[in-house]
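Full structure from sequences and hints, please.
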Amino acid sequence: MASIAFPEPDPAILARREAIWADLARLVAPDALITSEDERRAFETDALAAYRQVPLAVVLPSSTEEAAAVMAYCNREGIKIVPRGAGTSLAGGAIPAPDSVVIGVSKMRRVLDVDYANRTARVEAGITNLAISQEVAAEGFFYAPDPSSQLACTIAGNIAMNSGGAHCLKYGVTTNNLMGVKLVLMDGTVVEIGGDHLDAAGYDLLGLLTGAEGQLGLVTEATVRILPMAEGARPLLIGFSSSETAGACVTAIIAAGIIPVALEFMDGPAIRICEDFAKAGYPTGAEAMLIVEVEGSEEEIEDELAKIEAIARTFDPLAIRVSQSAAESAAIWKGRKSAFGAMGRIADYLCMDGTIPTGQLSLVLRRIAEICAENGLGVANIFHAGDGNLHPLILYDVAKPGDLERAEKAGAEILKLCVDVGGCLTGEHGVGIEKRDLMTYQYNRADLEQQMRARAVFDPRWLLNPAKVFPLDGRLTAQ
Amino acid sequence: MTVYAPASEAEAADVIRQAQAAHSPLALAGSGTKAGIGRPGNAGHCLTSLGLQGITLYEPSEMVIAARAGTRLVDVARVLAARGQRLTFEPPEPALLMGTDGEQTIGGIVAANWSGPRRIMAGACRDSLIGVRFVNGRGEIVKSGGRVMKNVTGLDFVKLLAGSWGTLGFLTEVTFKVLPVPEAEITLALAGLDDRRGVAALCDAMGSPYGVSGAAHLPEGWHDGGQPQPALTLLRLEGSAFSVRHRVAALGERLAPFGGHSLLEGDDSRLVWSRVRDAAPVAEPRERAVWRISAAPARGPDIVAAVKAQREAIHFYDWSGGLVWLSTPAGEDAGEKAVRAAVAQHGGHATLMRAPVEVRAAVSVFQPQPEPLARLSRELKRAFDPEGVLEPGRMTAGV
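Residue numbers (the working numbering), protein chains in the order written: chain A, 1 to 479; chain B, 480 to 878.
One or more of the hints may lead you astray.
Derived coverage of chain B by chain A (criterion: at least 3 residues anywhere in the stretch with Cβ under 8 Å from a Cβ of chain A; other residues may be distant) [said to hold, decoys possible]:
| no. | segment |
| --- | --- |
| 1 | 540-554 |
| 2 | 685-695 |
| 3 | 754-762 |
Per the computed footprint, the stretches of chain A lying under chain B, defined by three or more beta-carbons under 8 Å from a beta-carbon of chain B, are [what the hints assert, rightly or not]:
| no. | segment |
| --- | --- |
| 4 | 21-31 |
| 5 | 40-53 |
| 6 | 146-154 |
| 7 | 308-320 |
| 8 | 355-362 |
| 9 | 427-439 |
Keep in mind that the hints were calculated from the coordinates and are not lab data. Predicted model, so just to flag it, every value in this text is computed and none were measured. Every residue gets a Cβ at the ideal spot worked out from N, C-alpha and C, and that includes glycine.
Next up, the structure:
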């Protein structure tokens, strides 16, 4: 039995299920409401699939107005709402509760406007991350944040979790690329924040909303910054005999004043599992590997890669390989981006997401190996080396009694370690339910109470995605 | 007026707790270089960060620096420069515009979300900011963010505190990510373009893959204290010397339809961008009011035309046309009606950066917000500062 607790469902709400379905049916189009158990079951979990709860109902609105009507109704009736993008959260951010209505934005996926002179795109929030880039690619533009799940994940979910990706070292994460939203508040009020100009007026509500895990409102439209694509980009692979050497090489590259567009790290187990899956030509004999990508014209790429290669040579690399073609570059990235999928073929895993000061890398990797070994579990490490965002994948076997609990215990120890060395619990996946009970390890009472007071401004009764982020004990409601 | 200059976070918390108990509002300040921005307050006492000094963390290899809020920007910049690094958001020097002296503090820069020309490429102050510590209006010490670049643990007060002008908390320590100073910078200058052509050139350049880090247009007749000058359209490129040379050539070719160009290199480039950054073209005459308007870049010229149809004004553009600096006579409403009408028509928001105190008491200094947002702002203020002791009313009434 897995160890994360959920609040007790409200029996009064459960008892009124049919009446609530009937009310919702009057508010939305027939095809927007899901009530049959089989269909609701499709929404019982997200990418933290060890936890499952079938929701009371699912609504898939086609418009902001429809979403607002449902939220106003639920607010009046005291019914909880769980917003959902594509359900790719690794932290359980989209896992519903039996007494909650899921509002999924998956039907709202239109591009509303693209403005190349002003470099913005206005989209409905259910559009996938990758679809934005595809929409503007013909004009030579892209949307920068690129989480590994970008084929499936929605911009609504990206905003909720402040998603990053492999290229955020240069381009930033969602919060740095979001310019405006249309937001439905819990009481059904629709507000517009920001727009197609920089730095929204007044308090930075956009900044507060981004990464708030769907607890402040439901985003139905977004205006994002689009950027001109670089003339070209090319990755370089470097294999090392140890993680320490790879870490030292990262430090040396940055110390030389070079900020590559991406700087990704994989350890030995991750290299071998991904290579087996993607046939990317990874050095399977290495214990650590960096993927370093640079951008620019052909001449600039050559110039910068030469500098990086010269630095790497001083660390006795086992292998250095510069991509020679677009196909080779794509294969190199395919290995990295399919890492989670490749891992899933050989084992169940928990994907951790702590961030650490990069100077602590060697220590932290050593401790992660020890913690997992102590719990009798394997681990593979993949992370964004430039920014210290770790993704240890703790391997376990769901069929083996006690294994999941051991994995969760090891995960919690690893995240506490991240905090101990000056980092944080989550860099880009969010707290969700997964790290909720560790929040008191990173924050003290005053920190958390201030967050809850700000949260209460938007959702005084804790109806919006309420099982997430904040420990279940000691919650503050409206003033 | 008593000026409190606590030497520690705990002392600051004491001052605020006492102010809360006495219902006695506090003005918050660093060195006061931006004290003239915002609605005038009626605080009986001032709480300054000047007692909170010093860099608390600097790890060049991790590209992170933290400093107590009262640390002067010049001191932070000097420490960074010694290791070849800098704050990327290019905070303006307010002395010229505001007529203040003294060295601005790093906390004041955060409280104002004070960003310069590179904002268009590298983000605003709030985008470089990764951690804050502050004392809220209850006198509680609160932290958010930290020293790592990616952090989505809990609500992001780092962003919320940036640009809140002291109304939500008294900042005690701030942490930034920093970047290496590029090896070279070159500015490509086009001459003689009117506003629409100038901004069109800027937008075209920003849509190019050449990594423009500054995009400003100074219209015909601009000056910074001397003779009127011909129009100048400026595009800055930074990077390795090799890369900048390559990109300048490519950009020049792309912008050939806008006419010939000249190049400003090294110190010449740095000088012109410091003038843009500090709003020098609208700083004089000193008695005029100054507005700062953020809009979609291509609509900058529409906003200027709309204001000028109502009122005499001097202007220039930064941020590819999306940041309009505009000076106008300070009399009556300092042009508020004309500016707000232009923004209502073309989008964006406007802040009155400089005006006599009686004008700032009478007009909306910050962009008025529609009611649902205004209500959220008021309630957030109460969630941080229930008794309204921190700079009450500096941004709007009730905030």
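Evaluation of the provided hints:
no., hint, result
1, 540-554, "holds (count 4)"
2, 685-695, "holds (count 4)"
3, 754-762, "violated (count 0)"
4, 21-31, "violated (count 0)"
5, 40-53, "violated (count 0)"
6, 146-154, "violated (count 0)"
7, 308-320, "violated (count 0)"
8, 355-362, "holds (count 5)"
9, 427-439, "holds (count 7)"
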